[in-house]
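Enquirer: Listed here are the chains, written in short residue letters.
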Amino acid sequence: MKTGIFICHCGHNIKHTVDVKKLSEYFKTFPNVTVSQDYVFVCSEPGQDMIKDAIEKEGLDRVIIASCTPSLHGPMFKDVLRKSNLNPFLLRRVSIREHCAWVGNDVEANTEKAKRLILAGLYSSAHYVPLEEKIVDVQKSALVVGGGVSGLSAAIFLSKMGMHVYLVEKKAELGGHVRTLKSVWPAGKDGKSIVGDMVRELEEQENVEIFTSTTITGLEGFFGNYAVTLDTPQGEKKLTVGGAVLAIGFSPFDPGIKPELHYGKDERIITTLEFENNSDTLQLPEKPRVAILHCVGSRDEQIGKVYCSRVCCVNALRVGNALKDKYKDSYVESFYMDVRAHPKGGEEFFEDTQEKGVLFTRANVGEIVPTPTGVIIRGEDTLFGETFEREFDLVVLSIGMSSPEDCKLVANTFKIALDKDNFFMEAHIKLRPFDTAVKGIFIAGTCSGPKDVEESINHGRASAVKLFGLLNLGYTYVDPFISYVDPKRCSGCRMCEHACFSNAIKYDEEKRVVHVEEAACMGCGLCNATCPSSAISLKGYIDPMIDDEISGFTEAI
Amino acid sequence: MKGKKLKSGEIENALNQFLKDEQHLVLGFKKGESGVSHQLFKGALDHYSLVNPVFGSNAALYLRRLFSKGLKVMLMLRPCEIRAYVELVKLTQIEREDVVAVSIDCFGTVSSKEKKDDVPVEADKLTGYFKDKDSMRWACSVCRERRGVVGDAGVRIDKSGDFWMVPYTEKGEDLVSGIEGEFEEAPADMLIAESAKTDKFQVDMGTFNKDFEKCIMCMNCRDMCPVCYCIDCVFNGDEYLPKGDALLNKVFRTGSTQMPRGKDLFHLIRMYHVSQTCVGCGACEEACPQGIPLTKYFKGVSERLQGVFSYMSGRSFDEPIPYVTFLEDELKDAMD
Chain A
1 MKTGIFICHC
11 GHNIKHTVDV
21 KKLSEYFKTF
31 PNVTVSQDYV
41 FVCSEPGQDM
51 IKDAIEKEGL
61 DRVIIASCTP
71 SLHGPMFKDV
81 LRKSNLNPFL
91 LRRVSIREHC
101 AWVGNDVEAN
111 TEKAKRLILA
121 GLYSSAHYVP
131 LEEKIVDVQK
141 SALVVGGGVS
151 GLSAAIFLSK
161 MGMHVYLVEK
171 KAELGGHVRT
181 LKSVWPAGKD
191 GKSIVGDMVR
201 ELEEQENVEI
211 FTSTTITGLE
221 GFFGNYAVTL
231 DTPQGEKKLT
241 VGGAVLAIGF
251 SPFDPGIKPE
261 LHYGKDERII
271 TTLEFENNSD
281 TLQLPEKPRV
291 AILHCVGSRD
301 EQIGKVYCSR
311 VCCVNALRVG
321 NALKDKYKDS
331 YVESFYMDVR
341 AHPKGGEEFF
351 EDTQEKGVLF
361 TRANVGEIVP
371 TPTGVIIRGE
381 DTLFGETFER
391 EFDLVVLSIG
401 MSSPEDCKLV
411 ANTFKIALDK
421 DNFFMEAHIK
431 LRPFDTAVKG
441 IFIAGTCSGP
451 KDVEESINHG
461 RASAVKLFGL
471 LNLGYTYVDP
481 FISYVDPKRC
491 SGCRMCEHAC
501 FSNAIKYDEE
511 KRVVHVEEAA
521 CMGCGLCNAT
531 CPSSAISLKG
541 YIDPMIDDEI
551 SGFTEAI
Chain B
1 MKGKKLKSGE
11 IENALNQFLK
21 DEQHLVLGFK
31 KGESGVSHQL
41 FKGALDHYSL
51 VNPVFGSNAA
61 LYLRRLFSKG
71 LKVMLMLRPC
81 EIRAYVELVK
91 LTQIEREDVV
101 AVSIDCFGTV
111 SSKEKKDDVP
121 VEADKLTGYF
131 KDKDSMRWAC
141 SVCRERRGVV
151 GDAGVRIDKS
161 GDFWMVPYTE
171 KGEDLVSGIE
181 GEFEEAPADM
191 LIAESAKTDK
201 FQVDMGTFNK
211 DFEKCIMCMN
221 CRDMCPVCYC
231 IDCVFNGDEY
241 LPKGDALLNK
251 VFRTGSTQMP
261 RGKDLFHLIR
271 MYHVSQTCVG
281 CGACEEACPQ
291 GIPLTKYFKG
301 VSERLQGVFS
311 YMSGRSFDEP
321 IPYVTFLEDE
331 LKDAMD
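In the order they appear, the protein sequences are chains A and B. Note that our numbering gives residue 547 to position 547 of the first sequence, counting from 1, and the numbers run on in steps of one. Note that our numbering gives residue 146 to position 146 of the second sequence, counting from 1, and the numbers run on in steps of one.
It cannot be assumed that every hint is accurate.
Taking lysine-lysine pairs in the DSBU-like style, the calculated list, with each CA pair at most 35 Å apart, reads [said to hold, decoys possible]:
1. Lys511(A) - Lys69(B)
2. Lys250(B) - Lys113(A)
3. Lys250(B) - Lys488(A)
4. Lys72(B) - Lys539(A)
5. Lys243(B) - Lys113(A)
6. Lys332(B) - Lys488(A)
7. Lys408(A) - Lys57(A)
8. Lys488(A) - Lys42(B)
9. Lys258(A) - Lys72(B)
10. Lys263(B) - Lys113(A)
11. Lys488(A) - Lys296(B)
12. Lys408(A) - Lys133(B)
13. Lys7(B) - Lys506(A)
14. Lys52(A) - Lys214(B)
15. Lys415(A) - Lys263(B)
16. Lys243(B) - Lys2(A)
17. Lys506(A) - Lys69(B)
Hints are computed from structural coordinates only; laboratory data are not their basis.
Start from the sequences and build out the full structure, keeping to the hints where you can.
Expert: Structure representation (structure tokens):
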């Protein structure tokens, strides 16, 4: 066996706290290690060439790259092996950056740990065998779940790029929450017309099918070929799509959860959404006294919602601004924790509102008590450290965003994760904010966390671009990690058949053993764990490999 | 429960009738010169014994991979043996079509290792002999089911010493119908009563290492276990127990080691494999040349595990084995 070990400095990142020279020298002493080298950036072009050269000149049959986490640069390094005519599954990645260099500053300890990690990789890679990847066609069609602004913008982009789009909306009408907004800040445009324009743009496309009043009841398959079952008013419908964008939006926070606010018990206590919709018909005295409460349902540990909903500050400012415009002599007081008017023009809008005479009081509001003469707000002024009690004619609660009501159902159907606030979890919050952990399933808009209209539209487009990139390639590799049965060891007890989620295991009545249907196997390994005699193994993850890997970590060196 | 009261010698008559067919066999007990042992009868019974108070092995062991077409086997065995048979049927190791399983009320057994000459073989005398639970094997003294209520039919003994045959399945109905006599309501109160709720014994895994220190890895416990059914055990290969060069390589890399290696692993893996189907018969302990109290651990762990899933191995053909079913709301208390 000829193994090549390439140890990356990652510039300063690894070299700083791991003695890479010592590592490369150490592994030179191993009999089955032909090349042991360290290099400043193995992922760079010269670094890749170094690996290629070593494979060709030394005839390497195993390549170990000790560098960053395997999920980074994985496909790229596999390609390096492919180009050198070496099976890409003879590559072993060892994470000595995230698992080592970034963990602590003790160079000696880090080097020792890196040595162990590489050793484990060396031992386990001895069991590697060349595996064949299957190439399967990708359906050039996409499912968009949710017909709000993010879903619409995703659907418009995908359809314009030539993908067949199925847009599914639970409600009878497209448009989501934006449809209900009278004026969308800062342009002041009517929500209905914004949505209307988008729907028209979408309907002009030929390759779009829109299903309203429809829910998704089932999803099977994998990237490129998802089989979707819809429950439409016309009955069940089955689709095949390559991937999906989930844009199921949010639920407005229900202030009724907080009894001290008395929301829903008195009509003088309303939410920003209700104010927006009914501002023309509100019955207010000539000089109305109005209180606006920020952060209702956001940044509140008591109800388990510590996140900022991002849109409610501007909403609160809009309420104050509108009131001052309509009633010049009104008394409008905003109770805030701090004002986060972060979108473009937000800070100016805040100053404008202050100039118009809206008072801002930094306060913790304890309770809202409706009385016949007015609504009393009791709380603490946190700048002066004094308690206060004031009477108002109207109280507007600036409510935040909660996770969508179907979040668990959709997450289960698409097998994606939820974050601690029940919004959909991104694959990586910074690097892959539109991806989920499932290939071909993207998230867009407020279902991954609070966003304003502009951000939601952009998010929808971005997810669509990402999905288009995957679909347009037309094919995908299917991992060759599938189970296989050693018929000599199989006792035919059929335990694995019960464990298999994808019905990939079939029992042969004649031979009294099972076999795996390769096309259906997902490579999850559940059958491996169930088999008492280890008659089923996963290609590329056999037991002795794991056993030897553990030896690498534990044995005396 | 309806059954038939059996006249003296009626069981033997019925079995002999069954054996007249050349394709038929009976697995039961034979009174030999030096005690009672398992016997696979062909043609006719010979020194047949309904009960066997001496436990050597669990006969379900001999039935593994019984897939014969045409040959029919009647099992006249102890409840623990029939329960193991039921488990093996669920694991598709036995073709149920060809087997009629009859469980016989069990009075308890003594170990074949300390075979006592004074053990009677007549049912009426055994009650007295086993009055004191200490006189039977420990596995029997804590047995949860010594009544013949499992399988296709059962042979029950009522308080006046009369024998009854009670069917539990369609196949059992056919069997009992062929026996002389009329169906009548069997008394609810039989000689072997439902086990009084024995205290759940806690297994002290702290003593595990000490007890298993004696193990010599002969693997008799595995070979004699009726529900340890693998054709090729993982411990046969080099993966867990390397031998020769593979062993030297391993030790060369990992450092000095106690021999034989992997005792704990062997027993723990076996415990994991059989704990859901273990019938607590104690055949493993019977087979152990080192006198390791295996039943204590295997029965203790499996009883608790089966309790978690409200499962009892061998109780019913229709109850699925817990590991192969997944319910979303199970094991809530196990989370703590």
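Enquirer: Given the hinted pair Lys506(A) and Lys69(B), is their Cα-Cα distance within 35 Å?
Expert: Answer holds: Lys506(A) to Lys69(B) is near 23 Å, not above 35 Å.
Enquirer: Holds or violated: are the alpha carbons of Lys243(B) and Lys113(A) at most 35 Å from each other?
Expert: 31 Å, holds
Enquirer: Within a Cα-Cα threshold of 35 Å, do Lys7(B) and Lys506(A) meet the stated pairing?
Expert: Judged against 35 Å, a Cα distance of about 50 Å means the pair is violated.
Enquirer: Are the Cα atoms of Lys408(A) and Lys133(B) separated by 35 Å or less?
Expert: 56 Å, violated
Enquirer: Could you grab the alpha-carbon distance between Lys250(B) and Lys113(A) and see if it respects the 35 Å cut-off?
Expert: 22 Å, holds
Enquirer: Regarding the pair Lys488(A) and Lys42(B), is the alpha-carbon distance no greater than 35 Å?
Expert: 32 Å, holds
Enquirer: Between Lys408(A) and Lys57(A), does the CA-CA distance stay at or below 35 Å?
Expert: Not OK: Lys408(A) and Lys57(A) at ~54 Å, beyond 35 Å, violated.
Enquirer: Check whether the Cα positions of Lys243(B) and Lys2(A) lie no farther apart than 35 Å.
Expert: Distance ~26 Å between Lys243(B) and Lys2(A) Cα, so the pair holds.
Enquirer: CA of Lys415(A) to CA of Lys263(B), is that 35 Å or under?
Expert: 41 Å, violated
Enquirer: Assess, step by step, whether the Cα of Lys488(A) is no farther than 35 Å from the Cα of Lys296(B), and give holds or violated.
Expert: Roughly 34 Å separates the two Cα atoms, so the pair holds.
Enquirer: Is it true that the CA of Lys52(A) sits at most 35 Å from the CA of Lys214(B)?
Expert: 55 Å, violated
Enquirer: Check whether the Cα positions of Lys263(B) and Lys113(A) lie no farther apart than 35 Å.
Expert: Within the cut-off at roughly 30 Å; holds.
In summary, the numbered hints that this structure violates are 4, 6, 7, 9, 12, 13, 14, 15.
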